[in-house]
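Visitor: Take a look at the letters that make up each chain.
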Amino acid sequence: MNGMDWIVPVVMTVITASTPLVFAALGELVTEKSGVLNLGVEGMMLVGAVSAFAVASSTGSGSLGIIAGAVAGAMMAAVFGWLTLNLLANQVATGLALTIFGVGFSALIGSGFVGFAIEPLPKLDVPGLSEIPLIGPLVFGQDFLVYLSFAAVFAVAWFLKHSHGGMVLRAVGESHESAHAIGYNVIGIRYLATMFGGAMSGLGGAYLSLSYTPMWAENMTSGRGWIALALVVFATWRPGRLILGAYMFGGITILQLNAQGLGLDVPSQLMSMLPYLATIVVLVLISRDQTKIRLSAPASLGQPFRPAH
Amino acid sequence: MIRLEPRQQHSQAMIYLSPIIAIILTLISGLVIFSLFGKNPVTALYTFFVMPLTTVYSLTELLVKATPLILIGVGLSIGFRANVWNIGAEGQLTLGAIFGGGLAIWFHDSESIFLLPAMIIFGAVGGMLYGAIPAFLRTRYGVNEILTSLMLTYVATLLLSFLVTGPWRDPGGYNFPESRTFSEAGMMPIILEESRLHFGSILALFAVIGGWVLMGKSLIGFQLKVVGLAPSAAKHVGFIENKLIWFSLLVGGGLAGIAGVSEVAGPIGQLLPSVSPGYGFTAIIVAFLGRLHPVGVVFAGLVMALTYIGGETAQIEIGTPAAVTGLFQGILLFFLLASDVLTSYRVRFGKPQAARGGAS
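These protein sequences, in sequence, are chains A and B.
Be aware that the first sequence starts at 1, since it is given in the working numbering, and climbs by one per residue.
Be aware that the second sequence starts at 310, since it is given in the working numbering, and climbs by one per residue.
Simulated from the structure, these hints should not be mistaken for lab results.
Because the structure is a prediction, the values reported are computed rather than measured.
No residue lacks a Cβ here, since even glycine has one placed at the ideal position from N, Cα and C.
Any given hint might turn out to be false.
Unchecked claim - Stretches of chain A that chain B covers, calculated by requiring three or more beta carbons in the stretch to come under 8 Å of a beta carbon on chain B: (1) 105-111; (2) 134-148; (3) 181-194; (4) 265-271.
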């Protein structure tokens, strides 16, 4: 058994590195399924991270922090929704604006919290079960948000595939004209999907600042929001593939952190390039099959909708 | 009830009014933000946006900061017209700094008058090569250039950090992560005594004129406009689309690369782990605020440069956090996108009128 001791800590760190990606990418998947392309994931994650940290460190409550992160992300998404859904602003440009704004806004709120430390979110600890070798700490020793991320993947997968609401959401994303003609409230549904995406991005950010590295630092998401956007394409808009992709990226991040330990003498900056280069490689691999992308992407993705009557 | 009613054609007046509306709304929200920080809003706004304009030195600093923004903004506005979303200008700037700066480090004892021109060319080539990667991946494999150009920005920053902490670290620099300082021959000449205003501003001026001629007089300028206005038409002539993707990313990358050289051979004078406070991202706002027109980009570049200098001034004078700059930039872009709605739509109050003559 002793030879396997390294497995538990490595898998534990892979889980922590993957969880923020699962949240953010899953939220964006739902947003995109409704036909809205929100490139502001990075900005929403940052504002979620700083709000969660600010609330958790002021109140001492991790749960309030989590709620604050989700609410802040949803509020950011609502601003995006107002600009793109009501005012019909270009979705690409507005998404970029959301990220630029989020970087500045989070840095401003966070300027009073740099250097603060908080207790990381508590790990679930089931007496007896958590002591089982291997499985114990992996299955029963995570914090609340990790379990929530898995539950969310299953819930979203079920919702999209089997529920009436999921069918309506997909219809709106495929053809807003037909959905509108049938009588669905296209703009209202897109608002909900966009704000759900924002809340999930906020949770991803909250996980970073409350659990992954329990602190606030400017730009602490370091591109995870953009990687999450790439993951949605990689997953061809399917939750099951999305969680696989997120864990693959989590693994790459950990590989990079542990390279020195494995005896690889590569400068740390070059190793840190790995997740970004991997994102490009993955996008190339998936984009080579353009037919598949075209068939899986929601047909109205990124198209503005103005009801004719 | 408030409705949006499409205009028959884009309102020319609103195209130019919209940036002004956005700036005014940003200033008004500035009053609110500064009040929230417990500052006297009028004093704070004055310190941020007016005080930097009151001395000759700070006016020259405005031009120093506007230089990279205008260089990059001209390049980006070309691409944005054709819906080519190069958002990796920050990375292309960094590669320009590495290529041009690398030459200066290699020939650090050179006094040749050819060093600086060679650095500028190298910088442009570095930026173009870096822009060529997303162009190739988009045209060959259909990979979205937004994500690739942005991922490459992170890679470029890490590459620069690796170079200045490793192979290019100054041998006499007490292990600080910075390169040796460039020789006199590798520096942009100062064009105004007692200031940091340098030759890079002249390069920016050339870029503006070049961009203006390109947009107004050339075939490719015409094609860029057509593709931007009618993307579906461009789909039918795929080869033009690919040509414009290459053109946009090469020109955008090249100009960002020149901006990178102009920074390291201008105000900085050596390679550091970070050579830009996000000029590549701010230039996105510059391009939109400048109405994707080279002349507009000049004004927009000056406005955005003011947010940098105003942020610094306010930090020193009244102690606001440095991050206020980024906040103002983001808010300005939001207001701009919101007021741009008025270029293609009219705001109407009340219930829609009955459809006239078959138009529904």
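Visitor: Now look at each hint and say whether the structure bears it out.
Guide: Going down the list of hints, with the structure as the test:
{"no.": "1", "hint": "105-111", "verdict": "holds (count 5)"}
{"no.": "2", "hint": "134-148", "verdict": "violated (count 0)"}
{"no.": "3", "hint": "181-194", "verdict": "violated (count 0)"}
{"no.": "4", "hint": "265-271", "verdict": "holds (count 3)"}
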